[in-house]
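Just so you know, the sequences run in chain order A and B. Taken in order, the first sequence gives residues 8 to 417; the numbers are from our numbering. Taken in order, the second sequence gives residues 8 to 417; the numbers are from our numbering.
If you are wondering where the hints come from, they were derived from the structure by calculation, not from laboratory data. Nothing here was measured: the structure is a model prediction, and the numbers come from that model. Some hints could be false.
Copies of the same chain look alike in the list, so a pair counts if it fits in one copy or across any two.
[What the hints assert, rightly or not] Mimicking SDA-like on lysine to any residue, the simulated pairs with C-alpha atoms at most 25 angstroms apart in a straight line are:
#	residue 1	residue 2
1	LYS374	GLU348
2	LYS35	LEU278
3	LYS276	GLU167
4	LYS244	SER313
5	LYS244	THR33
Protein chains: 2
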Amino acid sequence: MEQTNIQINAERLWDSLMEMATIGATDKGGVCRLTMTDLDQQGRELLLRWTDELGCAHQCDAVGNLFIRRPGRNKERPPVMTGSHLDSQPTGGRFDGVYGVLAGLEVLRTLNDHNVETEAPLELVVWNNEEGSRFSPPMMGSGVYTGIFELDWAYQIEDEAGTKVKQELDRLGWIGSRPFGQAVDCYFEAHIEQGPVLENEGKTIGVVSGGQGQRWFELNVYGQEAHAGPTPMPLRKDALLCASEMIQMINRLGLDNGPDACATCGLIKVLPGSRNVIPGHVWVTVDTRHPDDDVLIRMESLLRESLGKIADKHRCTFDLQNFWISPATPFDQDCIALVREGAEKSGYPYREMISGAGHDAVYMARKYPVAMIFVPCEGGISHNEIENATSEDIAAGCQVLFHAVRSRAG
Amino acid sequence: MEQTNIQINAERLWDSLMEMATIGATDKGGVCRLTMTDLDQQGRELLLRWTDELGCAHQCDAVGNLFIRRPGRNKERPPVMTGSHLDSQPTGGRFDGVYGVLAGLEVLRTLNDHNVETEAPLELVVWNNEEGSRFSPPMMGSGVYTGIFELDWAYQIEDEAGTKVKQELDRLGWIGSRPFGQAVDCYFEAHIEQGPVLENEGKTIGVVSGGQGQRWFELNVYGQEAHAGPTPMPLRKDALLCASEMIQMINRLGLDNGPDACATCGLIKVLPGSRNVIPGHVWVTVDTRHPDDDVLIRMESLLRESLGKIADKHRCTFDLQNFWISPATPFDQDCIALVREGAEKSGYPYREMISGAGHDAVYMARKYPVAMIFVPCEGGISHNEIENATSEDIAAGCQVLFHAVRSRAG
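Isolated chain A (complex conformation) (with noise of 0.2 angstroms):
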């Protein structure tokens, strides 16, 4: 018999949030936990602490995540699957990513707490640098789990300073002996929306039916570096004007395919880089997203378009690489059925929606049974110090969680 009844924790679940954000803890009250530094390390040593006290073994796979396993009365059943990551952006907040992996801890909690045994095996897994902004792409370690990536591939990428991926899974011992590709009977993720929607309409728990298609490119602009004073204007060929040109031609594209696009330009680098120097080389990356891949695909060439107007109009040239391509991903009716579920059954006000955000969900969705669970964030505001959640929407998402994760797992 199910004990219907059963209540996450809210207050414990906060309180594990907040001591893991006081590892990495940054002044303006956000987190900075890079992938595969110390940091990052001390999150997971934490994180064992509390599973191994429930009784979890665990186990890495070569490219860095970590599962940790509560049995199931069936030996023999694929695992039910929750989690996300404990890595952050350079200046993140408290809940993107640890939020959905202490949810997952507090379900195997509550679980014990009951002495409920299921069916099948659950596992708590934290996949490796799903962030990318210290090691590019982001979402690695699932995209090498349901065979996006080759692990080779991402074992040489560097961060700025040089390092490769494989050096730090060395260093701190995190290559594991887990094989890729075993099966899984479905995953959930919980996660805070990142976006504004769920606040802005009052509701509590985001249903969220799939993952948003994303074209990311890397553009290049030349024009010809000069002497800043004794160069006329009308004679330069300043790249950094025509990128600036290009950069409000981008943010355009974003708003004229709205209100489900997005176009962003997140990162720019100047060549020769001096203040007295006209530049002649600019660096610039573009990330665009859409829920239709058609739309996407139209965006591009659009943009492709209507970059070339702009360098002809400023004599310089440029180039525009696919840097990494995530098509629109629907997730699994089922498994959407069973959060839809969770938040009826605790009388949650809740949407369906696309996640505009990219997540290790998403890749799994392509292999495996999925769906996920949004809660409402401050603002709309994540990645960022100041993100922030109440502890009521926190419990609540968790609480879902626990109810399909229990029904799928019998």
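Given the structure of chain A, go ahead and fit chain B onto it with the hints provided.
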């Protein structure tokens, strides 16, 4: 009796320039000889080997300026000085700075060839850190020499690696006992134009009558960093989008105050700097120039007003700090006359002009009589590895310098 028909040795001058250009030579035919590096030291060693052969003594001052002295008949007379700098931009050319130093060397060599003794002593000076690309601000050596910068202030300036000017001066043994503020009869500096005017008009010599005023700024733009995926376009406060519109406006400010105004953004940095984070903070450098200080001040107030409007439109904020101001600086009429006379005597087509670039001569002109001699450079391109000039023009500028120095020193 003056030997009026003495000619400098054009081939020797060119060969010395090409030999110096091997120190820090880049693949693209330019030079990277950043100030106070081992390469900069090697450049000085080569020069001193040449001036030692002429029997000249040398001495540094406390900021690493190098003075090489050819005695005159009258020890009491202050020296007639000429020179420039040996440091380069990160992707610099073979002529910027080094030409003025080696043209001065060729003047000394020519005087030695013909056993000419001048009444006043001559000094060939190598100003330290003219470029300002490793340690900002530029023209640091001549600025300290002329009392515009404090020595202690210059000592503590750091490069991007955190190395201080003082550390490098100590390491290289460039701190000498030559006092600042000694009497100087006058200072001549030969330089490539670094702009396209002489070439366009078919002139060989620029008789430079003064330096442009410069006002440099640092612009900070503050928006709100947020996740690039789930943050709808209309709700963003994108600091890079805002800055890109400001960069466009700054360019228009230069164009609108043409033909003599320049406005350039040479460096930009984005924080937090991640492909999938909307930039929350952008830092940009702004370099404005005009021969008339009143126009330059009016440009600054237009700049501030326009920045405010653009920031408001993007719901961002900004601050604009004055980073460096160099007023418009007229040169000395007598010295200018000697340069003009030298060009006329040799039959070189010439025009009077204002220097668009900053030069050590501009700082020297605040305290001593100064003039400059420009020669054309190919396509007006400088601060670039493809910087080029003809051997004929290089020789012509040196011949005019010889006349001016010789006439002045008596």
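Going through the hints against the structure:
1. For the homomeric pair LYS374 and GLU348, the shortest alpha-carbon distance inside one copy (24 angstroms) is at most 25 angstroms, but the shortest distance between copies (83 angstroms) is not.
2. For a Cα distance limit of 25 angstroms, the shortest separation of LYS35 from LEU278 across copies, 15 angstroms, qualifies, whereas the shortest one inside one copy, 32 angstroms, does not.
3. Both within a single protomer and between protomers do LYS276 and GLU167 lie at most 25 angstroms apart by alpha-carbon distance, with minima of 13 angstroms and 15 angstroms respectively.
4. When the C-alpha separation of LYS244 and SER313 is checked against a cutoff of 25 angstroms, the pair qualifies both within a copy, at 18 angstroms, and between copies, at 24 angstroms.
5. For a Cα distance limit of 25 angstroms, the shortest separation of LYS244 from THR33 across copies, 22 angstroms, qualifies, whereas the shortest one inside one copy, 42 angstroms, does not.
Every hint, counting from the list given before, is met by this structure.
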